[in-house]
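Keeping the supplied structure of chain A fixed, place chain B upon it in accordance with the hints.
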Amino acid sequence: MSEQAHPARPGENSGSTDPGSKISVRGLKKSFGTNEVLKGIDVEVADGEVVCVIGPSGSGKSTFLRCLNKLEDITAGSVLVGGIDLTEPKVDLNKVRQQIGMVFQHFNLFPHMTVLENITLAPVELKKQTKEQARQSGMDLLKRVGLEEKADARPASLSGGQKQRVAIARALAMNPGIMLFDEATSALDPEMVGEVLQVIRDLAAVGMTMVVVTHEMGFAREVADRVIFMADGVICEQGSPEEIFSHAQQSRLQDFLAKVL
Amino acid sequence: MQRLPIARRTRPGGLAVAGALLTVLAMFFGVSGASAQVPSAPSNVEGKTFTIGTDTTFAPFEFRDSSGELVGIDMDIIRAVAKSQGFTVQIKSLGFAAALQALSSKQVDGVIAAMSITDERKKVYDFSDPYFDSGVQMAVAKDNTDIKGYADLKGKTVTAKTGSEGESFAQSIAGRYGFTVKPLDQSATMYELVKSGNAAAVFDDYPVLAYGVSQNNGLKTVTKKEAGGSYGFAVNKGQNAELMAAFNTGLAELKDNGQYQAILDKYLKSPQDTVSADSSFWALLVSSMPALLKGLQNTVVVTLISFAFAMLLGLFFGFLKVSHNIVSRGVATTFVNIFRGTPLLVQAFFFYFGLPQIIGQPVNIWVAGVLTLSLNSAAYVTEIVRGGIQSVDPGQLEASRSLGLGYGTSMRRVVVPQAFKIMTPALINQLVILLKDSSLLLAIGFAELLYQGQQIYSNNFRISETLLIVAAMYFIVIMILTKLSNIVDKRFNK
Numbered sequence: 006m007s008e009q010a011h012p013a014r015p016g017e018n019s020g021s022t023d024p025g026s027k028i029s030v031r032g033l034k035k036s037f038g039t040n041e042v043l044k045g046i047d048v049e050v051a052d053g054e055v056v057c058v059i060g061p062s063g064s065g066k067s068t069f070l071r072c073l074n075k076l077e078d079i080t081a082g083s084v085l086v087g088g089i090d091l092t093e094p095k096v097d098l099n100k101v102r103q104q105i106g107m108v109f110q111h112f113n114l115f116p117h118m119t120v121l122e123n124i125t126l127a128p129v130e131l132k133k134q135t136k137e138q139a140r141q142s143g144m145d146l147l148k149r150v151g152l153e154e155k156a157d158a159r160p161a162s163l164s165g166g167q168k169q170r171v172a173i174a175r176a177l178a179m180n181p182g183i184m185l186f187d188e189a190t191s192a193l194d195p196e197m198v199g200e201v202l203q204v205i206r207d208l209a210a211v212g213m214t215m216v217v218v219t220h221e222m223g224f225a226r227e228v229a230d231r232v233i234f235m236a237d238g239v240i241c242e243q244g245s246p247e248e249i250f251s252h253a254q255q256s257r258l259q260d261f262l263a264k265v266l
Numbered sequence: 292m293q294r295l296p297i298a299r300r301t302r303p304g305g306l307a308v309a310g311a312l313l314t315v316l317a318m319f320f321g322v323s324g325a326s327a328q329v330p331s332a333p334s335n336v337e338g339k340t341f342t343i344g345t346d347t348t349f350a351p352f353e354f355r356d357s358s359g360e361l362v363g364i365d366m367d368i369i370r371a372v373a374k375s376q377g378f379t380v381q382i383k384s385l386g387f388a389a390a391l392q393a394l395s396s397k398q399v400d401g402v403i404a405a406m407s408i409t410d411e412r413k414k415v416y417d418f419s420d421p422y423f424d425s426g427v428q429m430a431v432a433k434d435n436t437d438i439k440g441y442a443d444l445k446g447k448t449v450t451a452k453t454g455s456e457g458e459s460f461a462q463s464i465a466g467r468y469g470f471t472v473k474p475l476d477q478s479a480t481m482y483e484l485v486k487s488g489n490a491a492a493v494f495d496d497y498p499v500l501a502y503g504v505s506q507n508n509g510l511k512t513v514t515k516k517e518a519g520g521s522y523g524f525a526v527n528k529g530q531n532a533e534l535m536a537a538f539n540t541g542l543a544e545l546k547d548n549g550q551y552q553a554i555l556d557k558y559l560k561s562p563q564d565t566v567s568a569d570s571s572f573w574a575l576l577v578s579s580m581p582a583l584l585k586g587l588q589n590t591v592v593v594t595l596i597s598f599a600f601a602m603l604l605g606l607f608f609g610f611l612k613v614s615h616n617i618v619s620r621g622v623a624t625t626f627v628n629i630f631r632g633t634p635l636l637v638q639a640f641f642f643y644f645g646l647p648q649i650i651g652q653p654v655n656i657w658v659a660g661v662l663t664l665s666l667n668s669a670a671y672v673t674e675i676v677r678g679g680i681q682s683v684d685p686g687q688l689e690a691s692r693s694l695g696l697g698y699g700t701s702m703r704r705v706v707v708p709q710a711f712k713i714m715t716p717a718l719i720n721q722l723v724i725l726l727k728d729s730s731l732l733l734a735i736g737f738a739e740l741l742y743q744g745q746q747i748y749s750n751n752f753r754i755s756e757t758l759l760i761v762a763a764m765y766f767i768v769i770m771i772l773t774k775l776s777n778i779v780d781k782r783f784n785k
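As they're listed, the protein sequences go chains A and B.
Counting in the numbering used here, the first sequence runs from 6 upward without gaps.
Counting in the numbering used here, the second sequence runs from 292 upward without gaps.
Isolated chain B, as found in the complex:
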């Protein structure tokens, strides 16, 4: 997931100069195209509510602060615009790619997610006036006094994010200044590399670096930013024209009244060396706990609901699988093959992004999440049930049938109780797997535990500590769940 926010900034072609040119052109057309819509009365949007999709976490544009509130430049701008134009916004934090898919499937009305305005995208979306000019900048370790410009990089190694504009810019000047570029996937790793001295500098998007520096991430910038792409707010092409017009009007107002600059300063201004917040592990634990507990609650609830459905479906299909009817067996086998034979993530994307296009209306994220987890898990439970029933001595069913009891009664009273005893350990196992698999729902923006963790560490850069806390929370909950299940097992299977 870490790659998504950056990968989107890569333009096809990858040549920085050509790309920049294109962007300037794009900006020009974007501006003129959008401005043409400004005259349409903004009052059209007054009192309305629009759903806006955004990235899960891309500081400083959108991320959650320590209280779990979604903040950032994008968030502040869209909210300020909404306020000035008299409409309300409902923000959906989905992930970059997911937000665009949601826009296509009309689950959201618009997307604001630090998205570069490109020709490619303008074929599909209408963009607002640019609200942010990005660009690549270089940063070095805070205590590094040797490097004051690109010329000081001779013979050294620098780092940049794989596939990003930062990388292509660094590559483009590497020959001239005689340094080598070592691309990496994660921002945090890049910064660590620079701080530890293994890389002399990092090339990254200017707002990302500026925000990091403002958060005391141990780096500083020594050069000016290179001109780069501009970010715009997007709606589906030819749709929501009045929302777009209102955005442009509102943005112009913010720029005029200084609010716009205030927002940028809030996130990008260098630290005034005010005492940084308590950075102990304990402080992190305390400050992150409310958001993590909220995530944990969602994790547990979605797991339990999904497991209940998985059990019902699994029992149903499990019975079909052991029936003598070839059609029933075929139905059950097909079900298992489909949901065991495709990745959970594909299913999650399908239910959240694909299904709305088929049925023509949005699918609630809880519904999509429960559908994904329960159907996927039901496929495994089906096999557990089949295995459990088949491992009961066939003589048991024969004895019951020979007494004159029907098939249903025999299964219910004789076979299933014994099968359950055999199945219990496998079912407990499945429950644990289900709970862990629920973390994959972060890909569709479901606010479960790991998702909340990501939000936190992308904001404070304390990845390892945050992940340790998240892992410990999973571990504790799974231990409790396992213990409880074992107690239930002993009670009922005595």
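Chain A on its own, in the form it takes in the complex:
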């Protein structure tokens, strides 16, 4: 893991991709109009690695994450997921996205469906499972996040923490190899943060590859294999939690940590 903790700097080994990487990002740039939000990102994420992305708001963390399943169009550079280049025009995005679960800050549960229907929608629609199978594995997932008794409830009747746990279960329904978390606890009341983090922690424990954009420094320190500090659209510093939180090199990171810790 330690090699990945110091991944390729821009330009180094740009010709080939590390066969062990689940995600390989090269020279990623993203602009909204004339506003360049990502100014050249290079990252490798290994199989089973948990990467936490921290940084001040507006630094481009979420945009970076949304480029990994192409919810945002990519302005320049390449993003390879499981060896497939998302910037290729012919790539079947729907297929790639089935391999990537995503959890949003505001849950984005489907309010017109029950909890279980939220989870079984994709497997059934994409004909990966029969209704009965989907229902069975949906219940298993709910059990995993501790909400099996809420299967027939509507999202509106759940607390924030419960909603986010359902959202995680939904993201897991297609059996993805990668999970992306976009500030998954930022919209929660403090007393509910713990239950959601516990679910993410459990996923890390079973070896799920994850990229987690978070403001929970304690969690990042505890769970991450590697921490990336982003500011102004670039990766400023990265390393093991120990390196980032205890031996920050750059003044920007030191200032940031001084504010949040």
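These aren't lab readings, by the way, just hints derived from the structure by calculation.
Source: prediction; values computed, not measured.
Keep in mind that the hints are not guaranteed to be accurate.
[Unchecked claim] Within a straight-line C-alpha distance of at most 27 Å, the following computed DSS-like cross-link-like pairs (lysine-lysine) qualify:
#, chain 1, residue 1, chain 2, residue 2
1, B, Lys515, B, Lys557
2, A, Lys155, B, Lys712
3, B, Lys557, B, Lys374
4, B, Lys447, B, Lys511
5, A, Lys136, B, Lys374
6, A, Lys155, B, Lys515
7, A, Lys75, A, Lys155
8, A, Lys133, A, Lys100
9, B, Lys433, B, Lys374
This is chain B only, laid out in the frame that chain A set:
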């Protein structure tokens, strides 16, 4: 619409005397021109069917009786002629202007609609021998014994219909007899003014007054009619010569055998003071209900069909409007701009009168009506759909797409169901607007509820009561529709 039947009698120039002269000349040429065609064998028309356009309602020439049947002097004459000459007629009650447009676009073969024969019109149409000599007459309140002639009008106010021959005649003698003329738009208002004593007399077309008097409208005539224009049956210039010849032959026969006079007497003879029919509101309600219910049925059917099409089109264009493709958005925007940016009536006229000229064949009135209402309404539904879809949190689509579901599936399963919930109140609103807008189709002669109401009150002069009944029927149907929609809304958007 009330103005149309009268406005047509206005001749360009408006000078009564010159106009009358012109009409006499016109009559003369009309007679000789048409008579020349008489020898062509009437047997040419035997067994044929001709479509004849007429006004929606212009008693006593064409109007619907209490059973909804189209009757009147024009109707009786054309039917009697058809019978004597062995052809059949299919009457299309369109409205005066609309009937002439239909003639130009060849949707009808001829027009009989109490139309004055004028030089102006003879450039475009061939006229039959005159079948009715009109003219202006004065009427006063039934119980008025003071006014026996124009001289008694000194210092008083009279009324006449704006822009009609009656008005120009009244104006022409106003100075001489020292009265003032107050023009009004509606026959019924004019008569009310006279009955209430606010006007001493009314100047109107003789047959209209005579019919009104025969229907006990509270007036009486005390002077003779002034000579005026003559009415003729018209076909497109240079076309349908055998139909025209048959009409003239038939008309001559009717005049010879007394049938013609019988028809005039039927509508114009003064009342023999027979007991007038039960005039209670209840009786009106009962007698008008069959015709009104027929109209209501047409209203509801055309509304529902149009709404179904409007929904389909609106969904289609609504989706185009939220698509990322600039061409699709442009197509949808253009559609909305065209049909939201032009009046419904213009669209109705276009589909019924304009389209036949373009495609070279008649358009069924139901087709024209549904086209008008559905396309117009679809423009609004498009905007409702766009608004509904755009008001769904974009995170919903993102969440669905991030699961690997395609755009179509995501819209169908995630976005649209939520959008529909948001849209439902606006759609119910649109349905109600559509139902009310369908009344505008009366302008092309579509026999919907208000049209039927017009037919009834132009016949019995009970405007306010008839309109109240019509309004109540609209109200009840809209209430039922709203309630039903709300129940459906609750069912599906739980």
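Now for the hints, and whether the structure bears them out:
Taking the CA atoms of B/Lys515 and B/Lys557, the gap is near 20 Å; set against the 27 Å cutoff, the hint holds. In summary, the hint linking A/Lys155 to B/Lys712 is supported, as the alpha carbons are separated by about 24 Å, within the 27 Å threshold. A distance of roughly 19 Å separates the Cα atoms of B/Lys557 and B/Lys374; the hinted pair therefore holds under the 27 Å criterion. For the hint linking B/Lys447 to B/Lys511, the alpha-carbon distance of about 18 Å falls within 27 Å, and the restraint holds.
Between A/Lys136 and B/Lys374 the alpha-carbon distance is near 72 Å, which puts this suggested pair outside the 27 Å criterion. Proposed proximity of A/Lys155 and B/Lys515 is contradicted: the alpha carbons are some 91 Å apart, above 27 Å. Taking the CA atoms of A/Lys75 and A/Lys155, the gap is about 32 Å. The hint is violated against a cut of 27 Å. A hinted pair counts as satisfied when its Cα atoms are at most 27 Å apart, and A/Lys133 with A/Lys100 qualifies at roughly 12 Å.
Only pairs whose Cα atoms come within 27 Å are accepted, and B/Lys433 paired with B/Lys374 is rejected, the gap being roughly 39 Å.
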